[in-house]
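Line order of the protein sequences matches chains A and B. Just so you know, we're using our numbering here: the first sequence kicks off at 4 and counts up by one. Just so you know, we're using our numbering here: the second sequence kicks off at 330 and counts up by one.
Misleading hints may appear alongside valid ones.
Computed far set for chain A versus chain B, every beta-carbon distance over 12 Å [what the hints assert, rightly or not]:
| no. | residue |
| --- | --- |
| 1 | E52 |
| 2 | V61 |
| 3 | K78 |
| 4 | G112 |
| 5 | G119 |
| 6 | K120 |
| 7 | R187 |
| 8 | V204 |
| 9 | K225 |
| 10 | A226 |
Capping the alpha-carbon separation at 20 Å, the derived lysine-lysine pairs in PhoX-like fashion look like this [unchecked claim]:
| no. | chain 1 | residue 1 | chain 2 | residue 2 |
| --- | --- | --- | --- | --- |
| 11 | B | K510 | A | K148 |
| 12 | A | K248 | B | K644 |
| 13 | B | K386 | A | K248 |
| 14 | A | K225 | B | K622 |
| 15 | A | K19 | B | K622 |
| 16 | A | K54 | A | K192 |
| 17 | A | K248 | B | K647 |
| 18 | B | K607 | B | K622 |
| 19 | B | K512 | A | K248 |
| 20 | A | K248 | B | K510 |
| 21 | A | K203 | A | K78 |
| 22 | B | K614 | B | K647 |
| 23 | A | K148 | B | K512 |
| 24 | B | K607 | A | K225 |
| 25 | B | K440 | A | K109 |
Hints listed in this document are in silico derivations from the structure and should not be mistaken for laboratory results. No experiment lies behind these values; they were computed from the predicted model shown. Using N, Cα and C, we set each Cβ at its ideal position, and we do this for glycine too.
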Amino acid sequence: MKILVCISKTPDTTAKIAFTQNNTKFAAEGVQWIINPYDEWYALVRAIELKEKDPSTVLHLVTVGAADAEPIIRKALALGGDEAIRVNADHHDSFYIASQIAAIAKTGGYDLIFTGKETIDYNGSSIGGMVAELLDLPYISLAVKFDLEGTTATVVREIEGGEETDSVSLPVVVSCQKGVAEQRIPNMKGIMGARTRPLKVVEPVAVEALTSVVSFELPPAKAGVRLVPADNPEELIRLLHEEAKAF
Amino acid sequence: MSVLIFIDHSEGHVKKASLEALSYGAAVAQQLGTTAEGLLLGTVTEDLAALGKYGVKKIHQLAQDSLNHLDAQVYGKVIAEAVSATGATVVIFSNNLSGKAVAPRVAARLKAGLVAGAVALPDTSNGFVVKKNVFSGKAFAHISLTSPIKVVALNPNSFAAKTSDGQAEVAALNVQADTPKVKVVSATQASGQVPLTEAEIVVSGGRGLKGPENWGMVEELARLLGAATACSRPVADAHWRPHNEHVGQTGIAIAPNLYIAIGISGAIQHLAGVNRSKVIAVINKDPEAPFFKAADYGIVGDAFEVVPKLIAAVKKLKGLA
Ligand SMILES: Cc1cc2nc3c(=O)[nH]c(=O)nc-3n(C[C@H](O)[C@H](O)[C@H](O)COP(=O)(O)OP(=O)(O)OC[C@H]3O[C@@H](n4cnc5c(N)ncnc54)[C@H](O)[C@@H]3O)c2cc1C
Ligand SMILES: Nc1ncnc2c1ncn2[C@@H]1O[C@H](COP(=O)(O)O)[C@@H](O)[C@H]1O
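Working from the sequences, and respecting the hints, build out all of it.
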């Protein structure tokens, strides 16, 4: 059993979002970087749990990023995993990233590929589906529960207004969200162990990006809150109805 | 060269998000001086020709019962083939849960650039640039699509469905659908409730409500307003509410017309999922709660006193009391 978990690097959830160079670049100065929460808390932790259940499982992590992604992938390795792979490319187009992951997956022969639900900076929610298509594998999006029995996975996923339980034979690509696992805190043993586990750097395959960011924009600031006295909540309903025309 | 819009449906009905996508696609087509066509896999009870009122000239349908369930792999291939068969150069999805499952597959198959989470019509004055949400609602990015075929997934509630007179021609799509590799064991649909991502009004509760037993008033206010219910992350973590109600950076991102937050502090990670709401009303007993900075309207007060009065006021307004 071989599992690949896709790890991306994102600004901390409390990071100030600002742009430089005429609004074309994210202002990364002073920003704390973290493992994308969906990748860490759900995809990676579930994969570690599967390995704990079946220690013969081989668990690899992959990130597509420049050298500055190394602390992040190291941090992920400290949680668990046998080996990390960094594809040495700093690119933000989903198709480009998915193509790199698919290339790694092709040579690695993985039975299971986990991604997070989405990156909290780009919010594409697309890379899992693209990787699946490039590998011609089934894709189960937005999993909230994942179980494995032999080579059959039972996955509960979120669908419009409800949930669906699916059964599928490996190999499969699954995007993970809340419910799949519980967040873990790395321990000292893991952190020390991660230093000795290999981090392989591979060069990207040649792929053309299909999209590019022209510019960023911040939403207009709110005009300020209009407070209604607590003893007159009817006034709030009137304002929402007549002034804001919210219903 | 045409615009092809994927029409998502469940339980025999076209989803509201797809009506928005149809109108959006029709507007894109007009901008490009071409025609908009719809694509429906499976069957619905509605009269498809009538969807012409959203601006589409033609609807391609593969009326196969097995397609009434969306399998990402099967759908991805059929849609990609439909794109080739119709010669479409722009493909529109709703960025709802179905769109998130299928649009990336279609884009990868066609080597087409994808913008997932579009919030406005493309700028076609110089290329094809689409505005999308990034940083979990804290910013927008303008993304240029450079591939010959372009795929755009429109965020629900960001483009109003428009109608005018018009009938669409319905044509059978001649494409072979594969057998799904994924077997559906069971599905539960929270029936009677408004799906959170489609809801125009959302009433949400946080830890300030003290416990699950106090959600009756949240649900009643929601019911009266035809709203969906939501909650903050600690509320879902404590199992006071189901996790699929959790909104925020690590939960669902929503953009309703009105978001009413009751007993929620307004942490940055919570705001990330709700800050695209058009109007935000906050009820919190702490005047310093950060949520007031992101709100349009607010009441500084105790939810247990304020909410029952809001319920009474809505009932009065709707002639129910
Ligand atoms: C990486 C990360 C991701 C996260 N993702 C999310 C996310 O997706 N969604 C999310 O919601 N949170 C998320 N959080 C958690 C977030 O930081 C906050 O802890 C959380 O949103 C707080 O929930 P709350 O407002 O319900 O509770 P609290 O912060 O405890 O606030 C309760 C509020 O209720 C008010 N209150 C108390 N009693 C009353 C009363 N009787 N009447 C009226 N008001 C009252 C209080 O004044 C207070 O403001 C995340 C955190 C991290 C670190
Ligand atoms: N640069 C990257 N390297 C590795 N995996 C990534 C990268 N970017 C995104 N992913 C994975 O794809 C998921 C969805 O990303 P996105 O489609 O950008 O929202 C993330 O949760 C990650 O698991």
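Comparing the hints with the structure gives:
For E52/A, the shortest C-beta to C-beta distance to chain B comes to about 18 Å, beyond the 12 Å cut-off, and the non-interface label holds. Its beta-carbon lying about 24 Å from the closest one in chain B, V61/A satisfies the requirement of being farther than 12 Å from that chain. The Cβ of K78/A lies farther than 12 Å from every Cβ of chain B, with a closest approach of about 18 Å, so its non-interface assignment holds. The Cβ of G112/A lies farther than 12 Å from every Cβ of chain B, with a closest approach of about 18 Å, so its non-interface assignment holds.
Distance check for G119/A against chain B: the nearest CB is about 10 Å away, which does not clear 12 Å, and the non-interface claim fails. Annotated as non-interface, K120/A brings its C-beta within 12 Å of a C-beta of chain B; the closest such distance is 9 Å. The claim that R187/A is not at the interface with chain B holds, since no C-beta of that chain comes within 12 Å of its own (minimum 15 Å). Taking the minimum C-beta to C-beta distance to chain B, about 25 Å, the non-interface status of V204/A holds against the 12 Å cut.
The beta carbon of K225/A is not kept farther than 12 Å from every beta carbon of chain B, the shortest such distance being approximately 6 Å. Not every Cβ of chain B is farther than 12 Å from the Cβ of A226/A; the closest lies at roughly 8 Å, contradicting the non-interface assignment. Simply put, K510/B and K148/A have alpha-carbon atoms about 19 Å apart, close enough for the 20 Å limit, and the pair holds. A hinted pair counts as satisfied when its Cα atoms are at most 20 Å apart, and K248/A with K644/B qualifies at roughly 17 Å.
Among the hinted pairs, K386/B with K248/A is inconsistent with the structure: their alpha-carbon atoms are about 33 Å apart, more than 20 Å. Only pairs whose Cα atoms come within 20 Å are accepted, and K225/A paired with K622/B is accepted, the gap being roughly 8 Å. Under the criterion of a C-alpha separation no larger than 20 Å, the hint pairing K19/A with K622/B is consistent with the structure, at around 16 Å. With a C-alpha separation of about 17 Å, the suggested pairing of K54/A with K192/A holds against the 20 Å cut-off.
The suggested pairing of K248/A with K647/B holds, with an alpha-carbon distance near 14 Å, which does not exceed 20 Å. Annotation: proposed proximity of K607/B to K622/B holds, straight-line Cα distance about 15 Å (limit 20 Å). Annotation: proposed proximity of K512/B to K248/A is violated, straight-line Cα distance about 45 Å (limit 20 Å). Annotation: proposed proximity of K248/A to K510/B is violated, straight-line Cα distance about 47 Å (limit 20 Å).
Distance check on the hinted pair: K203/A and K78/A sit about 15 Å apart at the alpha-carbon level, within 20 Å; holds. Using a Cα cut-off of 20 Å, the hinted pair K614/B and K647/B is violated, with the two alpha carbons roughly 27 Å apart. For the hint pairing K148/A with K512/B, the CA-to-CA distance comes to about 16 Å; that is within 20 Å, so the pair holds. About 11 Å separates the Cα atoms of K607/B and K225/A, which keeps this hinted pair within 20 Å; it holds.
Proximity of K440/B to K109/A is assessed by CA-CA distance (about 18 Å); at most 20 Å being required, the pair is judged to hold.
Of the hints listed earlier, those the structure fails to meet are numbers 5, 6, 9, 10, 13, 19, 20 and 22, in rising order.
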